[in-house]
Structure formats: C-alpha cells, structure tokens
Amino acid sequence: MSTLKQAQKRAAKAPAARPAPSAGKPNTLMSYRPPDRGTQPDLLFPPYASTVKRAPSQALVRLPSTLSEVTGPLFGYDRIHANDYDLTAQHNGDPIGERIIVSGRVLDANGRPVPHTLVEIWQANAAGRYPHPRDQHDAPTDPNFTGCGRTLTDSEGRYRFVTIRPGEYPWRNHYNAWRPAHIHFSLFGPAFQTRLVTQMYFPGDPLLEYDPMYLSIPTERARKRLISTFDWETTIPEMALGYRFDVVLRGREETPMENDMRHLLKGL
Amino acid sequence: MSLETSASQTVGPYLHIGLTWLVTENLVAPGVDGQPITISGVVTDGDGAVVPDALVEIWQANTHGRYAHPEDTRDLPLEAAFKGFGRSPTDKDGRFRFTTVKPGRVPGPDGTLQAPHINVTIFMRGMLRHLVSRIYFPDDPANAKDPVLSSVPAARRGTLVATRTPSKPHALTWNVRLQGDGETVFFDT
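Those sequence lines, one after another, are chains A and B.
For the first sequence, this note's numbering begins at 869 and goes up steadily by one.
For the second sequence, this note's numbering begins at 2 and goes up steadily by one.
Where hints are given, some of them may not hold.
What follows is a set of in silico ranges between Cβ atoms, one per label pair, in the way DEER data are often shown [stated by the list, open to error]: (1) 167(B) - 1086(A): 13 to 23 Å; (2) 167(B) - 902(A): 21 to 31 Å; (3) 182(B) - 1077(A): 18 to 28 Å; (4) 962(A) - 172(B): 46 to 56 Å; (5) 167(B) - 945(A): 25 to 35 Å.
Stretch-level coverage of chain B by chain A, calculated; a stretch enters the list once three of its residues show a Cβ under 8 Å from a Cβ in chain A [to be verified]: (6) 93-101; (7) 146-154; (8) 160-168.
Hints in this document: simulated from the structure, not taken from any laboratory.
All C-beta atoms in this analysis are idealised placements derived from N, C-alpha and C, irrespective of residue type, glycine included.
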C-alpha cells in the first residue's frame, strides 16, 4: 500500500498525463434536469415541526453538473437475497394483516424506464408499529414482520414487493396527529443527481388531508403522484390486493431535437 | 413524454429498519490503492443539539480519480474492490464515520480539474428533501482553484473542508451544522 503522499502525488499527476475528457468540448456532459417547479417540498415547512431546527437557513448554493454528479453508486444482485422482495416470507410464520402486492415502474422524467436500480422499502406493521427502539406507540409488534424489503428493477424498470398493508399510527407533531398509511421508498437511479427518498400512500386515506408531510408537497398533482392506485391486474385471486406505484426520477437534459425524434419514433 | 419528478419525502425516525442492511462505513477492501483515512463528524441542529437519527451517504472516485461508473470512461485505473459508496447512520452522539481513501482529481466544468472531494448526501427525520454537500481535504493546493469551492462565498468555504487531527494525520473531521453559526454549505444539484 502506498503512502498518502505517494497516492496524492500520483493522483495529482494522473489527470495531467491524460487530458480530461471535457477539455475542448465543455458541453458534452448531460446533466439531470432539476425537478419541475411545485413538485418538491421546501426544506422549511413549519407545520412539520421537526423541520424548524433542522432545515438550513442559508440559501442552497447551485452546484454545476460535473462527472461527480452524473455518476453514482450502482448495486447488483450480489447484495439481494431471494426473500428480500417478499416481506411476508422473512420469518417462520405469516405476519398478521392484509397481504398486498406493491408493484410499479421506476421511470425518469423523460418517460424512460430506469433499469437495474436498487429500490429499498420500509414500513410499519398492520397495527401501525415499527420494531424500532424509538417507536413507543402502544400497539403490538409482530414477530413475523420486520417491515424491510429491497429489490432491483428489471430491464423495463419494473419492481414488485409482497407485503402487508401498513397501519396508520400516531405521532407527536401536533395534537391528535396521525400518519396516513405509508411505505417508505429509497431509490438511487443512475446518478448522484437521481437519488430519491419518498413515501407511497394509499388511495382514499382520510388522513392525507391532515398530514404535514404529504401537504408539504406544493401542488395537488405532485401530491397525487405519491398515492398508489388499486390495480386489478396485479391483484391475485384469493391471495392479495394489488397496488400500483410508479416513481419518477430526474431525467437527463435533452436537446429539443432528441425530444422530437423520440416523439416521432413513439408514433411509429 | 415528459413526466413530473416524484416528490421527495423524509426518511422519518425509523429509517434504520429499511436502510441499515447497506451500511458501509469501511470503503477500503484489502489491496485497494491509497492510504486509508478516516472521516468522522457530528451532525448538529439549529440549537446545537446532536442529531442521532441522520444517515450520511458518500460517493467518491478512487485514489486515481476514477469513478466506478460506466460514464467515467477515462483511461485511469478502475479497482474492482473500490466501489466509492458509503453509508453511515449517526449514533446517539450524532456521529457518523467512514474509512476510505482520498479520491484523485476529476474533471470540472469547461475543462477544469476539481480538487479532490467526496460527494455527500444527508437524510434525517425533519428533512423533507435530502441535503447535498461536499467534503474537501485540508492543505490541498488544488482547493484554491476548485470551481465549486470558488462558487461558495469565501466566508463559508471552510465548512466544506475537513480538518486534520494534529496527533493523527490520517484522521479527518468534518462536522455538519444544519443551521445557524457556521452553517454547512449545502448544494442545489
């Protein structure tokens, strides 16, 4: 192993010996478009009390898109086990609750599938309880349910989980505060710029209109995107209801011509 | 077809249930080039209270300045044993920690070279979108001309540069102050 000095010296020398690829062609790096206006919550959203002491007070500094931002960690099947997608099959017995299938696609903002990308989920059990030391809600834990899953999307950006419908639970944000039923989703996409952690909600949940996290999303349309839809196609007779939830990650900048070409090709 | 990007939501207080399986605090497998270093720090909020429920992720090039990603096509050594990804949840004292190597330089905008840096993503309860920041290295002469550091107001640049522990040359400290005096610079990427 080389010393820090040697490594620094070599690292500093290496790029000089080989010209950087962007030299001479400064606009070849296609960044990922920022999310559309109105789709993302502000960091400071006082109705969600924990943002008040945690949200930065200074304006964010604009970061140019460099190789550091358009690359990002990639994960393969070496880290995924057979039962990781099935949250009802990770213990000796069946978990209590209503079995559901949660499936959908991971797409980018240009409508293209995001293949082979890691999707991590976590959720409360049917009683609205997490097996976590900080969860003091007086509801039973379930020895047959941890509430943690992961999978990779396929070549078409599809993913699928088997789980149980999570319960609503109280939290201490304000008087009589209850979180709507939800499943946490963590996604990487192809680049540092496409990282996203979000939550999936259920259709018709009366708690949504009282939930500061859901309401922190500025537009109605963007809020609705986080509500899954009931899906006959993936519902399994005698076994489980299907819910469909598509996630849209940031998409690459495209020249108008690329955009037109794709529309034309789609029409064929 | 143009779609609206899905909204970000907080990881909430129970993030560990879903995210602990991929905790990666040591990025340096045997045989990886470069001197192993440690980078550790404490996350504090606007009251100076430690944040025990945050998750810090890092993404970096190897010591040769190569990212383990298909879009980095430069002719530099790629090491199968160095993926460049780290994930560390803060402990009860708000502390995260990584063992890694100092990355080499990578291209910046318009043919410039960036100073060695580590890309940082921070998640926590109370954060509706993740925070993005960077860790730069102390005493690196390239810092002075780094295009990103230069875009940050001079008075705040220091928040992006790790500090060296005098008695331990390979141990760096980089603290995250979410709000208030010495607030860390966060980026809109």
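Now for the hints, and whether the structure bears them out:
1. 167(B) - 1086(A): 13 to 23 Å: violated (48 Å)
2. 167(B) - 902(A): 21 to 31 Å: At 41 Å between Cβs, range violated.
3. 182(B) - 1077(A): 18 to 28 Å: Roughly 38 Å apart at Cβ, these two residues miss the hinted range, so it is violated.
4. 962(A) - 172(B): 46 to 56 Å: Since the Cβ atoms of residue 962(A) and residue 172(B) sit about 49 Å apart, the hinted range of 46 to 56 Å holds.
5. 167(B) - 945(A): 25 to 35 Å: violated (45 Å)
6. 93-101: With 0 residues in contact (Cβ-Cβ under 8 Å with chain A), the coverage given for the region 93-101 of chain B is violated.
7. 146-154: Result for this restraint: holds, n = 4.
8. 160-168: This one is violated; 0 residues, fewer than the three required, reach chain A with a Cβ under 8 Å.
Checked against the numbered hints listed earlier, the structure breaks hints 1, 2, 3, 5, 6 and 8; every other hint is satisfied.
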